[in-house]
Amino acid sequence: MKFIPDKDILLFKSCLVNVEYPGIESSTSYIFDRIDVEYYIDERQSCCTGLGHYYDLFDQLSTTALAARNFQIAAETGHKNIAVMCATCYAILKKSAKILNQNEEARNKVNKILDDSNLEKMEYNTNDMDPVKNIFHVAEIFFNKRDKISSLVKVDLSGFRVATHHACHYCKVHYNDTIEGVRDPNLIDSLAAAVGVETIGWYDHKRVTCGAGFRQRFTNKEVSLAITAEKLQVLKENEVEILLHMCPNCQMQFDRYQPYIEKKLETEFNIFHLNISQFIALALGADPYKVLGIQTHTVPIEPLLKRLKQQFNIEDQKENVKVEKSLKN
Amino acid sequence: MKTIKLQDNSLKLVKDVLKDLKASPDLGIYKCVQCGMCTSVCPGASQTEYDPRDMIRRVLEDDETVIDDEDIWNCFSCYTCNSICPSGNNASEINQILRQMSIDKGEGIQKIVSFAAYGDSFMELGVGSIPNTFFDVMVKDVGPEYMNLKLNIEDIRADLGLGSYILPEEAINEVESILDNSGFKNRLKRIKRCKK
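Residue numbers (our numbering), protein chains in the order written: chain A, 206 to 534; chain B, 3 to 198.
Derived from the structure by calculation, the hints contain no laboratory data.
Mixed in with the good hints, there may be bad ones.
Unchecked claim - PhoX-like, lysine-lysine: derived pairs with alpha carbons at most 25 angstroms apart:
id, chain 1, residue 1, chain 2, residue 2
1, A, Lys468, B, Lys142
2, A, Lys338, B, Lys113
3, B, Lys152, A, Lys426
4, A, Lys285, A, Lys207
5, B, Lys197, B, Lys113
Said to hold, decoys possible - Stretches of chain A that chain B covers, calculated by requiring three or more beta carbons in the stretch to come under 8 angstroms of a beta carbon on chain B:
id, stretch
6, 283-290
7, 305-316
8, 462-474
Note that CB positions come from ideal geometry on N, CA and C, so glycine has one too.
Chain B with its partners taken away, still in its complex shape (with noise of 0.2 angstroms):
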């Protein structure tokens, strides 16, 4: 009788996946019967070639080029597939694991150079805010009463009775300190080394 062998790391990607600290402990991977609602519901299935469905199917057949396919990126982190499943399992949750693998392995972060004014933002505020990378896009796009709001805030604030919303400084060194001894500080620099 013809047998298959499980090799024994015939499952590593998939391990690796529900090690990872986002994976919800109820995380249902092992219990997807490929019945592709997510890929039916996906914003990002309708419009580009990224497919949920596949992906999961990838991690369970340990093929770790996944983790750098270019269309794990066209996933909008809005959850449907995860509201739908009838098995318990989370692409959105999986998908967001598998780009941070990539931005592990190094590839990933040309995807989130970008987005690394939101970062400094933060340590500097306390708050996040629109990546300043983007502003001028926004400017463009919603016309100039947007860069008016953002002149103005702090006055339009004060007229609706409600104070700064940039935090104290003392709060603002706290956040800072977390989130250097958290390792986000040496992520930050790692990733706007990449900057071209």
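Okay, chain A solo, but in the shape it has when bound (with noise of 0.2 angstroms):
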């Protein structure tokens, strides 16, 4: 098992948590906060090109490029372990890392373009990053910490049905890194029963992708639902209630587009869909509007909430209730 760091983290910024579900970020803040993680989050840090790069629009020496300066931050700061909320970014910086390593070409024509750029003070030395031993999932971050996690769970999420959906570009592009599992994943399985909730764990099509595919979601867009409603189907099946996330694009291909597949089949699925950092955050007693920020999603995680016998107070009820209204207008 790979050595995973609790400290001197750079929690990477990732475009569809900024902008899709912000809640990701302030769950992972709010869950490395009382797990003793030290982690850092830095406003120049740009984005890691990921969409682009599978859109086929970036090309690699570019998206390598921007990873050698976002490197440079993290060291410069004193975190140079990468923590990521994005399954993308975690592929996309390893292998900017390796090609960086390994490739002195590469690595040459990298620090030209950033002293071209007048970012001498950036350039990549061989090894500055090592995309194993410093670049993280959050997911692997919070395995590391399970039991102090455990010790902290405060809302009994053990009434429902959950499974689990990990994300492709964690498990299978640099695959003998992943932990707990690439055929058969348990990597959010362990962190759910971290919470004390046991989930279905095997499914059929449990690893099947969501069926985003970058492109196919707006260019083929019948042929990536039809992928996604197979998936659905199955967990339907299984009388799944919940499905566990560990990347903002695989939620948003579930979370946006379950209500518009359900009207396509004529059928319903009620499949509420979390990220791993929401879901624990919940269970450790998180605002669900002040942290999880389920006001951004789109199958709503109310009736989730009704269902659990837990409070949460009148003063926030109506907090919310405003905030839906203003949503709503």
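Each of the two chains sits in its own frame; use the hints to bring them together as a complex.
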């Protein structure tokens, strides 16, 4: 098992977390603050280019040059361990670090680009960033601290039937570095167990993609959603109520498009979609609107909260109605 | 005895693929045994005519028409083929390299021109996003709440204790300068020229 750090961490901002499910970031911070993880967020950090990379719009050299700049920001601030909230950031950054370490010609080209941009100070030296020892998904950081997480649980979520969707770009790209299984992935199942929830474990289609397929969702929508629908159908057959995610793009595909697919197929799935960080934060007693950010979800999470016989105090509920109203206006 | 003579350049395509910056040093394309595991687990193959096993065969047989094959654009980049290959090959990575070859030739540009807005927003804000070309469709599919989310995102972030997601000006300038010197700016211009 690889070494997983709990300090000197740059929490790497993700474009889709930023504007689709910002509650993933606030939930991650909420958990990190309670399990003694030392981390830092840097406003200068640029996006990894992931979506553009897999739209085939970005070229590998440009993606790698921007990664070198972000690696330098991490090192310069004393936070050379990077933790990502998005599986595509994970794959992209690891690949860029490998190229920079292994390919001298590419490294020289990147350094020339940085020099030409008056960023000599950001030049990359071999092994400045170790793709295995320095780049992690936040779920791995949680996993390393799962005992601490267990000790902080305040809300009992064990009454729900829960399944997991493990992001392809975490499990299948750099698969030698993946923890808790590649073909039978169990990383998020283990984290659910840490907050007292036994998931359904393996199910047919467990390792299948969300169907977003980057360009496919936009240029090949019927095919893209057919893949998503198949997985939703299997989850329904398994009577799943909550699907846990570890990538904002997967979460978008399921949460944003589930009602659309329900209408097309004239069926109901009624599955809630939560990121693992939102789920853990909920178990730790975090506020659904001020920390989890459920107001940005398409499939409403309110029915789930109602079912929880736990207390979200009356003050908060008033606040919630206000937020809901402002969103509807 | 009849012998088959390999021409000197009969492996040109596979050599070009392996030379590509995207190609991992341990990419096992020569070890492919054509078992078809990649195709059997491929979501693209389950829904379309895309066939990663056949794509790899054509690369190994130096069949350059594979670059122009429409079906290569049906890969989902899910890497399930990569995770399951018994020979250490990576059809997903090779697919991405072939797509870049198609873009370099010119034909592939039509396939990505609708994503060009992503590049503009990246240079403007230092972050990517769903290309605005597709925004209207998403609002139609997801509902008007999706538009409200976009309009209120900074307020929602503030409620969650998060700052602005847009980079400070100096950082945006650095990103733009890197993308200028890396050739991305010109690449984007070339792609946008293809807009009908």
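If you draw a straight line from the CA of lysine 468 of chain A to the CA of lysine 142 of chain B, is it 25 angstroms or shorter?
holds (13 angstroms)
Given pair status - lysine 207 of chain A, lysine 285 of chain A, alpha carbons within 25 angstroms
Holds, because 16 angstroms separates the two Cα atoms, which is no more than 25 angstroms.
Pair hint outcome, lysine 197 of chain B versus lysine 113 of chain B [Cα-Cα no greater than 25 angstroms]:
holds (11 angstroms)
Quickly compare the C-alpha distance for lysine 338 of chain A and lysine 113 of chain B to 25 angstroms and report which way the hint goes.
Not satisfied, since the Cα-Cα distance of roughly 37 angstroms exceeds 25 angstroms.
When I compare C-beta atoms, does the stretch 462-474 of chain A have three or more residues closer than 8 angstroms to chain B?
holds (count 3)
Three residues or more, CB to CB closer than 8 angstroms: is that satisfied between the stretch 283-290 of chain A and chain B?
violated (count 0)
Please work out if lysine 152 of chain B and lysine 426 of chain A have their alpha carbons no farther apart than 25 angstroms.
holds (22 angstroms)
Holds or violated: the stretch 305-316 of chain A covered by chain B, criterion of 3 or more residues with Cβ-Cβ distance under 8 angstroms?
With 3 residues close enough to chain B, the hint holds.
In this structure, the hints that do not hold are numbers 2, 6, in rising order.
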